[in-house]
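Residue-level listing of the chains:
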Amino acid sequence: MWKWFFLLVFVISCEANNESATLVSLAIPAHFPQPPAFPDRNPLTEQGIELGRMLFYDPILSSNGAVSCATCHNPQIAFTDGMPRTRMGVSRNPLDRHSPALFNLAWHTEFFWDGGAKDLESQAFGPLQHPDEMAADIVAVIEKMNSETRYPTLFEKAFGTDTITSAAIVRALAQFQRTIISANSRYDRYMAGGESLSSLELQGLELFNQHCDSCHQPPLFTDLGYHNNGLNINFSADKEGVFQGRYRISLDSADIGAFKTPSLRNVAFTAPYMHDGRMRSLDRVLDFYAGDIKWSATLLGRIPKDGFGFDDQEKAALKAFLLSLADEDFAKNPKYLKPSAN
Amino acid sequence: MKIVFFLLSLVILSSCGGDIDTKPDRADITLQFEHVVGNQPLNFTSEFRTNSNQSFTVEDFRYYLSNLSFENTQTGVKYEIPNSYHLIRENGTGIASLILENMPLADYDQFNFSWGIDAEKNTSLDQTGDLDPSNEMAWNWNTGYKFLLLEGRLTPSNQGLVYHIGSNHNYKNLQVAIPQDAQIDSRTQSTMVFKVDILKAFEGVSTIDIAVNNSVMGGPFADNIAINIAQGFFQLQEIK
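Protein sequence lines correspond, in order, to chains A and B. Its first residue numbered 1, the first sequence is counted upward by one per residue in my numbering. Its first residue numbered 1, the second sequence is counted upward by one per residue in my numbering.
Simulated from the structure, these hints should not be mistaken for laboratory data. Predicted model, so just to flag it, every value in this text is computed and none were measured. Hints should not be assumed to be uniformly reliable.
[Claimed, not checked] DSSO-like mimics (lysine-lysine), calculated; alpha carbons at most 30 angstroms apart, straight line:
(1) 121/B x 195/B
(2) 239/A x 172/B
(3) 239/A x 121/B
(4) 319/A x 305/A
(5) 335/A x 157/A
(6) 157/A x 338/A
(7) 157/A x 121/B
(8) 78/B x 240/B
(9) 239/A x 305/A
(10) 118/A x 157/A
(11) 305/A x 294/A
(12) 200/B x 239/A
(13) 144/A x 121/B
(14) 121/B x 118/A
(15) 239/A x 294/A
(16) 118/A x 172/B
(17) 240/B x 23/B
[Claimed, not checked] If you only want the chain A side, here are some residues facing chain B, beta carbon under 7 angstroms, derived:
(18) 117
(19) 118
(20) 119
(21) 121
(22) 122
(23) 139
(24) 165
(25) 166
(26) 240
(27) 249
Where a beta carbon is used, it is the ideal one built from N, C-alpha and C, also for glycine.
Construct the complete structure from the given sequences, taking the supplied hints into account.
Here it is, written out as structure tokens:
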């Protein structure tokens with residue numbers, strides 16, 4: 001009985017301690033909507049964000065000590081990896097899907113190409129524990145972290161207790177990732193009235209508004225929805241439905257082959273494209289939408305089965321517009337880079 | 001502070017209770033799970049048979065029980081164990097136990113428990129204790145928990161048997177009656193013995209051919225197994 005008594009007092013005092021972590025609110029770009037509420041259990045704090053950033057870049061989270069989140073989410077290229085299906089995980093086996101870019105995640109409520117993860121906290125366990133990604137034995141990882149004195153101290157600062165838990169690890173990672181925002185491309189400055197776009201880019205914008213913006217809705221340039229955009233004819237049920245997209249989560253047959261709409265922000269940095277990275281260049285993507293759509297029962301109705309029929313000039317205009325969505329500041333923002341202490 | 005005060009009063013209450021020669025106020029109640037395959041105790045070495053004579057071995061078996069409570073259905077008196085999420089894990093001996101320490105006693109006539117994790121807790125993985133994903137019972141690609149994991153091999157083919165079962169709609173509230181003569185309110189230690197028969201996952205409402213459906217990791221087919229489990233899987237044998 002007394003053991004429990006002391007334990008509870010300890011927990012209570014820990015929570016009081018945690019009040020020393022400094023609450024911060026996210027700076028929302030003026031032309032962005034308010035993001036949905038973050039989970040109450042994981043408010044943004046200065047110390048939590050900083051710990052999350054350190055963890056993001058630390059290969060200590062992987063079983064072989066060689067793979068960090070940043071291995072496949074490189075900040076120089078909008079936190080993606082430049083490969084179709086990465087082989088950079090612990091096993092060196094290729095993954096079945098392309099590493100997604102990471103920015104403006106605070107506006108997302110579901111994660112992965114099929115939206116299977118219901119918040120950023122839960123999402124992190126996917127790559128952490130997948131044998132072909134970081135393959136972490138969480139108990140062993142925490143043991144390693146406990147042997148580095150800086151970590152218990154940093155967890156204490158962020159969460160009010162130096163007891164490292166898997167929950168605290170993923171909460172810190174989620175906090176850091178929620179702060180990664182990209183909203184300052186030439187397009188954004190044009191919309192705000194401070195910059196001009198070329199006539200080719202403006203023609204591309206007009207075409208974009210006619211054909212693309214219902215899925216790639218500004219200002220996030222995604223509708224956060226799931227669609228079959230005509231990449232495949234057949235959708236194998238192998239590997240726990242990984243090729244069936246949203247269907248494996250919703251079990252709604254209308255979602256077979258539907259994958260989450262990626263943002264078009266920073267596409268200048270995020271090649272290759274599509275959920276499996278099958279298209280090496282924007283030219284290939286535009287050729288595909290122009291006339292290489294594959295019909296299947298769940299093809300998104302807004303996509304003509306013969307394609308949009310863009311001619312070469314229109315493709316050049318769309319490409320020019322898409323490149324105007326590059327946010328150079330974002331790629332260099334020191335707040336997102338590896339902390340010097342690592 | 002209120003909590004501390006409450007706890008202090010509990011300490012006083014329980015220490016008083018021991019001195020008075022009447023029924024105890026509190027007791028440790030052990031839930032003992034006898035894992036069996038038909039009429040054989042489960043272990044990780046023997047070969048077992050389904051009722052349709054398919055043979056297999058078991059290498060891993062675990063499941064979640066949650067939201068345990070004791071109730072008197074006549075008076076409405078009910079004790080709900082707080083934060084009640086319990087991973088029951090077979091260790092090769094055929095018996096797993098869960099000790100519920102210091103339960104407040106009353107004239108209970110029913111024990112309530114659920115198979116699986118309720119929808120509220122089943123929507124995030126940043127949790128500790130038995131729900132910590134380091135227990136390897138989380139669905140990492142589809143946030144939530146496996147309510148039951150059974151792995152082994154078909155013999156003699158050595159083909160893998162993999163059953164990862166459980167989604168929100170499979171969550172099942174279950175009740176067992178506590179007979180009057182069990183007298184759990186008059187002892188400081190009681191044991192409720194449950195029989196958990198793996199074969200009941202493969203029969204009952206739907207008969208599962210384990211040679212055909214040897215690998216079920218979520219998806220629509222998992223419902224057939226979940227419905228069987230919700231029916232006859234957990235059987236109270238005795239209270240002692």
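Here is how each hint holds up against the structure:
1. With a CA separation close to 27 angstroms, the supplied pair residue 121/B and residue 195/B stays within the 30 angstroms bound.
2. A threshold of 30 angstroms between alpha carbons decides the hint, and for residue 239/A with residue 172/B the separation of about 28 angstroms falls inside it, so the pair holds.
3. In summary, the hint linking residue 239/A to residue 121/B is supported, as the alpha carbons are separated by about 27 angstroms, within the 30 angstroms threshold.
4. With a C-alpha separation of about 22 angstroms, the suggested pair residue 319/A and residue 305/A falls inside the 30 angstroms cut-off, and the hint holds.
5. With a C-alpha separation of about 19 angstroms, the suggested pairing of residue 335/A with residue 157/A holds against the 30 angstroms cut-off.
6. Under the criterion of a C-alpha separation no larger than 30 angstroms, the hint pairing residue 157/A with residue 338/A is consistent with the structure, at around 20 angstroms.
7. Between residue 157/A and residue 121/B the alpha-carbon distance is near 27 angstroms, which keeps this suggested pair within the 30 angstroms criterion.
8. The hinted pair formed by residue 78/B and residue 240/B meets the criterion: a straight-line CA distance of about 21 angstroms does not exceed 30 angstroms.
9. Simply put, residue 239/A and residue 305/A have alpha-carbon atoms about 28 angstroms apart, close enough for the 30 angstroms limit, and the pair holds.
10. A threshold of 30 angstroms between alpha carbons decides the hint, and for residue 118/A with residue 157/A the separation of about 27 angstroms falls inside it, so the pair holds.
11. Between residue 305/A and residue 294/A the alpha-carbon distance is near 7 angstroms, which keeps this suggested pair within the 30 angstroms criterion.
12. About 27 angstroms separates the Cα atoms of residue 200/B and residue 239/A, which keeps this hinted pair within 30 angstroms; it holds.
13. Annotation: proposed proximity of residue 144/A to residue 121/B holds, straight-line Cα distance about 29 angstroms (limit 30 angstroms).
14. In summary, the hint linking residue 121/B to residue 118/A is supported, as the alpha carbons are separated by about 12 angstroms, within the 30 angstroms threshold.
15. Taking the CA atoms of residue 239/A and residue 294/A, the gap is about 23 angstroms. The hint holds against a cut of 30 angstroms.
16. A distance of roughly 22 angstroms separates the Cα atoms of residue 118/A and residue 172/B; the hinted pair therefore holds under the 30 angstroms criterion.
17. A threshold of 30 angstroms between alpha carbons decides the hint, and for residue 240/B with residue 23/B the separation of about 16 angstroms falls inside it, so the pair holds.
18. Taking 7 angstroms as the C-beta contact cut-off toward chain B, the hint placing residue 117/A at the interface holds, the least distance being around 5 angstroms.
19. For the restraint placing residue 118/A at the interface with chain B, the shortest Cβ-Cβ distance is roughly 4 angstroms, inside the 7 angstroms limit, so the hint holds.
20. The closest approach between the C-beta of residue 119/A and any C-beta of chain B is roughly 6 angstroms, which is under the 7 angstroms cut-off, so the hint is satisfied.
21. Given the 7 angstroms rule on beta carbons, the hint for residue 121/A holds: about 4 angstroms separates it from the nearest Cβ of chain B.
22. Residue-level restraint check for residue 122/A holds (minimum Cβ-Cβ distance to chain B is 4 angstroms; threshold 7 angstroms).
23. At its closest, the beta carbon of residue 139/A sits 5 angstroms from a beta carbon of chain B; the interface hint therefore holds under the 7 angstroms criterion.
24. The beta carbon of residue 165/A comes within 5 angstroms of a beta carbon in chain B, closer than 7 angstroms, and the hint placing it at the interface holds.
25. Contact between residue 166/A and chain B, as hinted, is supported at the beta carbon level, the nearest pair being about 6 angstroms apart and thus within 7 angstroms.
26. With 7 angstroms as the threshold, the beta carbon of residue 240/A comes within range of chain B, its nearest partner Cβ sitting at about 6 angstroms, so the hint holds.
27. This hint holds: residue 249/A has a C-beta 6 angstroms from the nearest C-beta of chain B, less than the 7 angstroms allowed.
Of the numbered hints stated above, none is contradicted by the structure.
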